[in-house]
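Line by line, the protein sequences are chains A and B. Take the first sequence: its position 204, counting from 1, is numbered 204 in the numbering used here, and each next residue is one higher. Take the second sequence: its position 77, counting from 1, is numbered 331 in the numbering used here, and each next residue is one higher.
Among the hints, a few may not be true.
[Stated by the list, open to error] Take a look, some chain B residues computed to stay more than 10 angstroms from chain A by CB distance:
| # | residue |
| --- | --- |
| 1 | ARG296 |
| 2 | THR395 |
| 3 | GLY402 |
| 4 | THR481 |
[To be verified] Among chain B residues calculated to face chain A with C-beta under 7 angstroms, some are:
| # | residue |
| --- | --- |
| 5 | LEU342 |
| 6 | ASN353 |
| 7 | LYS355 |
| 8 | VAL374 |
| 9 | LEU388 |
| 10 | ALA394 |
| 11 | PRO403 |
| 12 | ALA447 |
| 13 | ASN456 |
| 14 | GLY457 |
| 15 | ALA540 |
[What the hints assert, rightly or not] Quick look at which bits of chain A chain B covers, simulated, 3 or more residues with Cβ under 8 angstroms:
| # | region |
| --- | --- |
| 16 | 31-39 |
| 17 | 120-126 |
Keep in mind the hints are simulated off the structure, nothing from the lab. Just so you know, even glycine gets a beta-carbon here, dropped at the ideal spot from N, CA and C.
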Amino acid sequence: MTGQRTAWTRLRSAMRPHASRGNLLPGLLCALLGFAVVVQVRSTQDAGLDGLRQSDLVRILDDVTERSDRLRTEARDLEETRARVTNGSTGSRAALDEAQARARVLGILAGTLPATGPGIELTISDPDGKVGPEVLLDTLQELRDAGAEAVEISSLAGPAVRVVAATSFEAPTDSGGGDGAGRVVVDGTELTSPYRFLVIGDSRTLAAALDIPGGVLDVLRQDDAQGVVTQRDRVTITSLRAAPSPRYARPADD
Amino acid sequence: MSAPTPTTRSGGPSRPDDSMLLLRNLVEDSLDEGYARAAARRAAGEPASRSAVLVLSIGLLLVGLLLATAFAQTRQRAGSAAEARDALVAEVEQRSAANDKAQAQLDRQRASVQRAQRQVLALSGAGTELADRLARLEAATGAAPVTGPGMVVRLTDAAGDGSGSDVDPRTDVDTDGRVTDRDLQTVVNEIWAAGAEAVAVNGQRLTALSAIRSAGNAVLVDFRPLTPPYEIEAVGDPKKLRETFVGGFGGSYLQVLQGYGITYAVEDSDRLQLAASAGVRLRYAAEPQPAETRSNGT
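All chains should be modelled from the sequences, with the hints used to inform the complete structure.
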């Protein structure tokens, strides 16, 4: 029993505060540490409430600046066009040339004309059939964000679909061949994995955009699928669309 | 391992707690020999070694210095970061407003140039045919403003400050009750699938070049930050658009969003007016020369 008593006595004496100069410094440090922790917590909360982080703001500023550049360029082009078209002697010839050039650009966007240029080829193999329409949609958005100008999506061994503004991705509605795994319906055409994207644009920007952490290639890896990007000096897209014939959208004459 | 041979075994009656020898040792002989020596030293009035005190003091001083420096730096950085962020926000807002003004002016300018162009083209048969083709292409690609009947889908963030608990682990962004770029992408995808001929999000016309992306909590369309609520206007057959969209995956998706407190409305419209997109230019893609068309083994 004496052993137990001494143990408790020792414990009590250890707990009893005995201030000495040696305690002063650790005490101060502890107080400082507590203060620092509080400051850290508060600044973290502030960032959450304010919403956007600085890096996000910088990115938005970049985007906004790019948009104003585009607006300026287009305004200049329009001014030149107006000058050429309204010139009395050569106006009609210029107007025809102008309209033809514009029809070529719009024809590429509308998919009625083939297109060629630098770009990338992206193949997505999806052995487990986990890649759904939302992944392909996200891939297209990422490519557009990186400046894709013309895109074709195809089954490696099957049909190809020229991507336009109105392109949509859907899960197959029928149950033919199982649960729809490894199949995606693009604008009404059923494509099967492996898929291939042919993309025209700045090849390095396109490839980098797919490879960012948390980006398309990462997402594919999480789905046990594999995306392979090949940069090309020249990509030629030959799949075409029928000429558009809008039934409801009328040119707005303002 | 050989069994311990407690000394108490050698003589006397065995204690009932013999099997807990280790515990007994801990309670009765808790001091190491080192402690005992130190206690003896202190009892003898011997002072602690000077070098040990010195090392300890310097070490603690260094730790304190480190903490103080870290604190000072953090505070300084936080202050300048907040300042820089305010400046950035102001810059973004100012440039966005300037862009909107430039965009409106550009729309008027484009309309007048296109009118002049059509007048000139109308003078010849080939010109008239080309003008018609252009008009259809422009309507379909988003290069010119269009008007027509259609459908409007409105998405509004959940009420409150949106500071919920659901945080997107990928972007570290709080997404609870907030319409994300992913949501808008999906809804727009379903609207196209329902047969829309032209679509605009918060007045931004969508083209084959438009991306719907996010930066932090902000959703961008065509490099333009949008402010909620989000209004998606779609020109097309109102009845078919609505039935296909609401009856299909789009409708179920809206229901899911509603579960997060996001409110939505789907309305028909007799007449929508969609602006032109400013970004219909190509820098990399061109029409191949006739010989090139078959060079790429598709």
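Going through the hints against the structure:
| no. | hint | verdict |
| --- | --- | --- |
| 1 | ARG296 | holds, 13 angstroms |
| 2 | THR395 | violated, 4 angstroms |
| 3 | GLY402 | violated, 4 angstroms |
| 4 | THR481 | holds, 12 angstroms |
| 5 | LEU342 | holds, 4 angstroms |
| 6 | ASN353 | holds, 5 angstroms |
| 7 | LYS355 | violated, 10 angstroms |
| 8 | VAL374 | holds, 4 angstroms |
| 9 | LEU388 | holds, 6 angstroms |
| 10 | ALA394 | holds, 3 angstroms |
| 11 | PRO403 | holds, 6 angstroms |
| 12 | ALA447 | holds, 4 angstroms |
| 13 | ASN456 | violated, 14 angstroms |
| 14 | GLY457 | violated, 14 angstroms |
| 15 | ALA540 | holds, 6 angstroms |
| 16 | 31-39 | holds (count 5) |
| 17 | 120-126 | violated (count 0) |
Hint compliance for this structure: hints 2, 3, 7, 13, 14 and 17 are broken, all remaining hints hold.
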